[in-house]
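Undergrad: Dock chain to chain to rebuild the complex, using the hints, since each chain is given by itself in its own frame.
Quick note, the sequences are listed as chains A and B, same order. The first sequence begins at 4 in our numbering and counts up by one. The second sequence begins at 2 in our numbering and counts up by one.
No lab work stands behind these hints, which were simulated from the structure alone. Any given hint could turn out to be false.
To be verified - Okay, the calculated bits of chain A under chain B, using three or more residues with CB under 8 Å as the criterion:
no.: 1; region: 47 to 53
no.: 2; region: 73 to 81
Claimed, not checked - Label pairs and their computed distance ranges (CB to CB):
no.: 3; chain 1: B; residue 1: Pro9; chain 2: A; residue 2: Ser73; range: 44 to 54 Å
no.: 4; chain 1: B; residue 1: Thr87; chain 2: A; residue 2: Val32; range: 40 to 50 Å
no.: 5; chain 1: A; residue 1: Ser73; chain 2: B; residue 2: Val53; range: 20 to 30 Å
no.: 6; chain 1: B; residue 1: Leu42; chain 2: A; residue 2: Leu49; range: 14 to 24 Å
no.: 7; chain 1: B; residue 1: Ala3; chain 2: A; residue 2: Asn44; range: 17 to 27 Å
Where is the CB? At the ideal position from N, CA and C, for every residue including glycine.
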Amino acid sequence: AQSVTQLGSHVSVSEGALVLLRCNYSSSVPPYLFWYVQYPNQGLQLLLKYTSAATLVKGINGFEAEFKKSETSFHLTKPSAHMSDAAEYFCAVSSFSGGYQKVTFGTGTKLQVIP
Amino acid sequence: EAQVTQNPRYLITVTGKKLTVTCSQNMNHEYMSWYRQDPGLGLRQIYYSMNVEVTDKGDVPEGYKVSRKEKRNFPLILESPSPNQTSLYFCASSLMGDARGYEQYFGPGTRLTVT
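The shape of chain B in the complex, shown without the other chains (with noise of 0.2 Å):
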């Protein structure tokens, strides 16, 4: 089945403890992105990749890194959470290129909390 999966989907954890929040996706995607969904702001995007070693900032980088060292997963880390960084993250991925409109697909969500 295609799909993209996140781990873990709800966490909790304090100020300044490093965390990592995986994403998969079995489809051979190109691209990926990290979205976070925060009432009345919709969805903004925090990082995306176009390929294997190639990341680039979306429109809230700050305090978050990730890494795309294969081509099938896109972690996201939070090197020292903020109270600020709660929210709702979703991974999503597609393949990329002109001449046709690729939809995104989407992971099912990680829930984050930081106290």
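Looking at chain A on its own, in the form it has when it is part of the complex (with noise of 0.2 Å):
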């Protein structure tokens, strides 16, 4: 079994402060992980996935997440935050195993970027 849980429905930050969004997992066999962003009115697309290459891993729009196996964690961190970053983000994990391929999202944290 496996699951996913974000800390925070939602985060409000103010522009160019640091944008930190908390996932952890569970999972029985090595995952991978994986950060979307869904925009207002739009579906999700892909911000950065960790398929144990790196630990940190950067994607778009300036945002990066560092897998940390002994914490089960895969936070969503960026510098500073843009206007346009105001979204909700998702974190998933997806596993396979036993030829079957399962993936679990979170519940989502909408971000506010306050002016």
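TA: Below, the structure is given as structure tokens:
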């Protein structure tokens, strides 16, 4: 079984401040981890993914995430928030075992950026 | 252009009237999936398919049916819709397999209202 927990359904930051969105996962097999972003009235698009190559992963729009196995975490960060970062962010875990692929999403975190 | 298309984008219907939401992808992906998105609950998987004629239940399959007769198409069928199926629905597709984590590509969403 696998699961994803995103702490904080709503996060507010000032423009220019650090963005930190938290994601913890559980998985019985080595996981692949993803962050997706959803802008208003749109589908989800990939921000970045972890596939065991490097623990610090860089994505689009200045976002990055660090995989910490000991903490079972994959937190998303951006040094300086921009107004255009206001969106909902989803963490997801994917595993492939016994010929089956399983994908599980977190409940999402809405990021508000205050001018 | 690589994409996942869904139709219709918006649908208002009445309880009990059968409906189908179509999903098509042009990337030759093996894996396709349907999700529903509800406030505070994130994305929950309804059904998924790992290839033609191979489908399985996700986390919330009750009241839904799917079929995968062609690799590119994965329609979602609600045979007798009820108001609790009012939601935003997303279709997604990806490559499948171990060794690499394959991200999902999402359609634009279908907003369904059942009265």
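Undergrad: Give a verdict on every hint.
TA: Going through the hints against the structure:
no. : hint                            : in the structure
1   : 47 to 53                        : holds (count 5)
2   : 73 to 81                        : violated (count 0)
3   : Pro9(B) x Ser73(A): 44 to 54 Å  : holds (47 Å)
4   : Thr87(B) x Val32(A): 40 to 50 Å : violated (35 Å)
5   : Ser73(A) x Val53(B): 20 to 30 Å : violated (41 Å)
6   : Leu42(B) x Leu49(A): 14 to 24 Å : holds (21 Å)
7   : Ala3(B) x Asn44(A): 17 to 27 Å  : holds (21 Å)
Comparing the model with each earlier hint shows violations of hints 2, 4, 5; every other hint is respected.
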